[in-house]
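Line by line, the protein sequences give chains A and B. All residue numbers for the first sequence refer to the numbering used here, where the first residue is 72 and numbers rise by one. All residue numbers for the second sequence refer to the numbering used here, where the first residue is 72 and numbers rise by one.
Don't read these hints as lab results, they were simulated from the structure. Accuracy of the hints is not assured; some may be wrong.
Identical copies carry no separate label here, and so any pair may be met within one copy or between two of them.
[Stated by the list, open to error] Pairs of lysine-lysine residues, derived as DSSO-like cross-links and limited to a Cα-Cα distance of at most 27 Å, are as follows: (1) K302 x K383; (2) K230 x K435; (3) K115 x K427; (4) K302 x K390; (5) K89 x K422; (6) K431 x K111; (7) K371 x K427; (8) K115 x K435; (9) K230 x K422.
Number of protein chains: 2
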Amino acid sequence: MENFVYQNRTKVIFGEKKYLEIIHYLNQNKINKILIIYGKNAIKKIGLYDEITNLFSENSIEFYELSGVQSNPILSKVHEGIELVKKNNVELILAIGGGSVIDTAKAVSIGALYDGDVWDFYERKEEINSKLPLYVILTLSATGSEVNGRSVITNTEKKLKWSVRSEILYPEISFIDPSLQYEVTGNQLIDSACDIISHVLEFYFDNTQNSLLMDEISEGIIRTVMISTEKLLENSKDYNYRSQFSWAASLALNEMLNCGKNGGDWSSHKIEHALSAYNDISHGKGLAIILPAWMKYVYKFNSQKFQRFAEKIFGITEKDELKSSLIGIQELQNWFKKIGQTIYLNEIEIKEEELKTIAKIAEKQLPYGNIKKLNFFDIIEILKLAYKN
Amino acid sequence: MENFVYQNRTKVIFGEKKYLEIIHYLNQNKINKILIIYGKNAIKKIGLYDEITNLFSENSIEFYELSGVQSNPILSKVHEGIELVKKNNVELILAIGGGSVIDTAKAVSIGALYDGDVWDFYERKEEINSKLPLYVILTLSATGSEVNGRSVITNTEKKLKWSVRSEILYPEISFIDPSLQYEVTGNQLIDSACDIISHVLEFYFDNTQNSLLMDEISEGIIRTVMISTEKLLENSKDYNYRSQFSWAASLALNEMLNCGKNGGDWSSHKIEHALSAYNDISHGKGLAIILPAWMKYVYKFNSQKFQRFAEKIFGITEKDELKSSLIGIQELQNWFKKIGQTIYLNEIEIKEEELKTIAKIAEKQLPYGNIKKLNFFDIIEILKLAYKN
Numbered sequence: 072m073e074n075f076v077y078q079n080r081t082k083v084i085f086g087e088k089k090y091l092e093i094i095h096y097l098n099q100n101k102i103n104k105i106l107i108i109y110g111k112n113a114i115k116k117i118g119l120y121d122e123i124t125n126l127f128s129e130n131s132i133e134f135y136e137l138s139g140v141q142s143n144p145i146l147s148k149v150h151e152g153i154e155l156v157k158k159n160n161v162e163l164i165l166a167i168g169g170g171s172v173i174d175t176a177k178a179v180s181i182g183a184l185y186d187g188d189v190w191d192f193y194e195r196k197e198e199i200n201s202k203l204p205l206y207v208i209l210t211l212s213a214t215g216s217e218v219n220g221r222s223v224i225t226n227t228e229k230k231l232k233w234s235v236r237s238e239i240l241y242p243e244i245s246f247i248d249p250s251l252q253y254e255v256t257g258n259q260l261i262d263s264a265c266d267i268i269s270h271v272l273e274f275y276f277d278n279t280q281n282s283l284l285m286d287e288i289s290e291g292i293i294r295t296v297m298i299s300t301e302k303l304l305e306n307s308k309d310y311n312y313r314s315q316f317s318w319a320a321s322l323a324l325n326e327m328l329n330c331g332k333n334g335g336d337w338s339s340h341k342i343e344h345a346l347s348a349y350n351d352i353s354h355g356k357g358l359a360i361i362l363p364a365w366m367k368y369v370y371k372f373n374s375q376k377f378q379r380f381a382e383k384i385f386g387i388t389e390k391d392e393l394k395s396s397l398i399g400i401q402e403l404q405n406w407f408k409k410i411g412q413t414i415y416l417n418e419i420e421i422k423e424e425e426l427k428t429i430a431k432i433a434e435k436q437l438p439y440g441n442i443k444k445l446n447f448f449d450i451i452e453i454l455k456l457a458y459k460n
Numbered sequence: 072m073e074n075f076v077y078q079n080r081t082k083v084i085f086g087e088k089k090y091l092e093i094i095h096y097l098n099q100n101k102i103n104k105i106l107i108i109y110g111k112n113a114i115k116k117i118g119l120y121d122e123i124t125n126l127f128s129e130n131s132i133e134f135y136e137l138s139g140v141q142s143n144p145i146l147s148k149v150h151e152g153i154e155l156v157k158k159n160n161v162e163l164i165l166a167i168g169g170g171s172v173i174d175t176a177k178a179v180s181i182g183a184l185y186d187g188d189v190w191d192f193y194e195r196k197e198e199i200n201s202k203l204p205l206y207v208i209l210t211l212s213a214t215g216s217e218v219n220g221r222s223v224i225t226n227t228e229k230k231l232k233w234s235v236r237s238e239i240l241y242p243e244i245s246f247i248d249p250s251l252q253y254e255v256t257g258n259q260l261i262d263s264a265c266d267i268i269s270h271v272l273e274f275y276f277d278n279t280q281n282s283l284l285m286d287e288i289s290e291g292i293i294r295t296v297m298i299s300t301e302k303l304l305e306n307s308k309d310y311n312y313r314s315q316f317s318w319a320a321s322l323a324l325n326e327m328l329n330c331g332k333n334g335g336d337w338s339s340h341k342i343e344h345a346l347s348a349y350n351d352i353s354h355g356k357g358l359a360i361i362l363p364a365w366m367k368y369v370y371k372f373n374s375q376k377f378q379r380f381a382e383k384i385f386g387i388t389e390k391d392e393l394k395s396s397l398i399g400i401q402e403l404q405n406w407f408k409k410i411g412q413t414i415y416l417n418e419i420e421i422k423e424e425e426l427k428t429i430a431k432i433a434e435k436q437l438p439y440g441n442i443k444k445l446n447f448f449d450i451i452e453i454l455k456l457a458y459k460n
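Sequences are here, hints too, so could you generate the full structure?
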């Protein structure tokens, strides 16, 4: 097992309507002025916006708003938020939404206390030392951003989707009410499921051998997500499976799965970030396309682990390591397809001649790759595997 | 899934010799005066005592010592520690040891800031509001006390072994170096394994049905502990399996397994506390005796879960819920026996006529029991099942 340091400061408050307790925590910390960050209309449609803003009005909490955060959240929106905070002396950021909103809120929370351009943190020019306090009301379980110190932002001018990670970035409190996600159905649900499973697998498939406990927990999370997704596709308002799905998403990326590993292999994510910076497809869909292609490209470098995956997730008993590895990868793709996911680049509007352009964007974040260190040509090959039908 | 609040503030620093970084953290927090709490000679034998105290001397850290903490740690030792702290204006408690030492250190850390008798907290007469900072260097993985807010102390005068639990009691930092446990072999290792498995199962077997994710993770932890224990009984210095074992012990009782559950059952623990307060056998041995007896007494009230246990841990495919439940319990007992554990009360020096006395001690902490709420007569029946060979 590799050495590690693990601490997760976020307080998770889980359950129906538990977010109403936010007033208690704001009062306790003497917070009177907050910036609410959210997406488009989803939180208005489910009545959450009115409920929360009325609550604040009744309790004399002054609030400002930054709305319109899109998936693959962008830097210019972050700048807008920072300006609002600075102009109004906001004391706390409240993200109401999923990963994009939370990642934006994290960027705002560090940018608000920094004189330069917040993008400096993403370019590693500057180290994160402080942030405004950050609370979250989660409305989409997928990225785990509610319980970790990561933020991914797209710089549209530069066509770059880059990430930061810091102990400082953990939200102080995250309210998770699974019933807020009853309207998360269809593609949004499917994409989320693929996102979560990818997160787990990016930790799971690395070059460490001695990771029995983390393997066991990872497999348990994946099986839970698969079962819950199928149940939710049948009945999106099943509170139990919503809960299992939500909490699995959080545990998938609360950094626990990295304990004793060496950081996982996030190649699929890096390549997907290039793909979605270029094409603006959803992160989950991008991952469902890139992850199996990457797996097919690297499985030979740790086939023992790929065989274990095939056995523990899909019950494959094939003795030959390489064969069972490939069957396992195929089964994963079959499952993505079964739940209605896109699994090849041909199915979205990408032409074969564009692969090189995407690879060039992905190349900018090199070096990466842990099972196999990738170069430009590897990325091209992976994209070809993602293209081929 | 039940509502929950989860936050674990403890920073875990895991790896060989990582505890040497303690100086960095003491300096960072401007701590100059500490109380070291430890057990008997174990930390001297492995050279850890000299290494740490030399390190403190070299770095001008003033330290006091409370040694001789025994398993089933006692209140009078806690009082001694509190006196040392108050007399010398100690700023931080450092526990070097396993659960007993850490639990003692926790008690000292709260008692040091309280004017009355620290036992008041254990009797629920007083609420825990503050403690001195607490660091841990773990030398025995079993109770999970290094990553939670629980403390169990025995009041020898009153023959009571009672526990407290509070968010305040989480250690600030726990250093886990699995190689410090190379000398933990034989009974000590076996008892620890039984302790860990019991912790997991006390959460696992409760009256909640909707706990898929926690069930998966619990089962993964149990399988890891079983495999690691067998490997360590063959080679106690296998760093990988020491690590798996250590980290599994921490995750078993860092409160994560309670997320979405309703607190677990813990009847076995309560009865065992009575047993070990009466007889001073090790907690792990006591649990290996009481837990299966309790399981045999209550399985009918949640046989679906007991069947799942039999299947996921021992591969039992018996379709009949009651039958498979009983086979699973028997298999657990067989495994305890296989690793060399005591499994019946007859094997220790307890006579049948003493069962009533033990039950009377266990009765003092009633009400408990979640699958089945227990009364005095239930406790007697469980003890009889633990007695019968």
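Between copies, within a copy, both or neither: which fits K371 and K427 at Cα up to 27 Å? within (25 Å within a copy, 63 Å between copies)
From the Cα coordinates, with 27 Å as the cut-off, is the pair K115 and K435 best called within, between, both, or neither? neither (39 Å within a copy, 53 Å between copies)
At most 27 Å between C-alpha atoms: does K302 with K390 qualify within a copy, between copies, both, or neither? between (32 Å within a copy, 24 Å between copies)
From the Cα coordinates, with 27 Å as the cut-off, is the pair K89 and K422 best called within, between, both, or neither? Cα proximity of K89 and K422: none, with 47 Å in one copy and 51 Å across.
For K115 vs K427, is the C-alpha pair at or below 27 Å within one copy, between two copies, both, or neither? neither (41 Å within a copy, 63 Å between copies)
Up to 27 Å between alpha-carbons, please classify K431 paired with K111: within, between, both or neither. neither (32 Å within a copy, 62 Å between copies)
Up to 27 Å between alpha-carbons, please classify K230 paired with K435: within, between, both or neither. within (11 Å within a copy, 68 Å between copies)
With 27 Å as the alpha-carbon cut-off, assign the pair K302 and K383 to within, between, both or neither. Both: 20 Å inside a chain and 21 Å across chains, each within 27 Å.
Intra- versus inter-subunit Cα pairing at 27 Å for K230 with K422: within (19 Å within a copy, 77 Å between copies)
Consistency note: the structure conflicts with the earlier hints numbered 3, 5, 6, 8.
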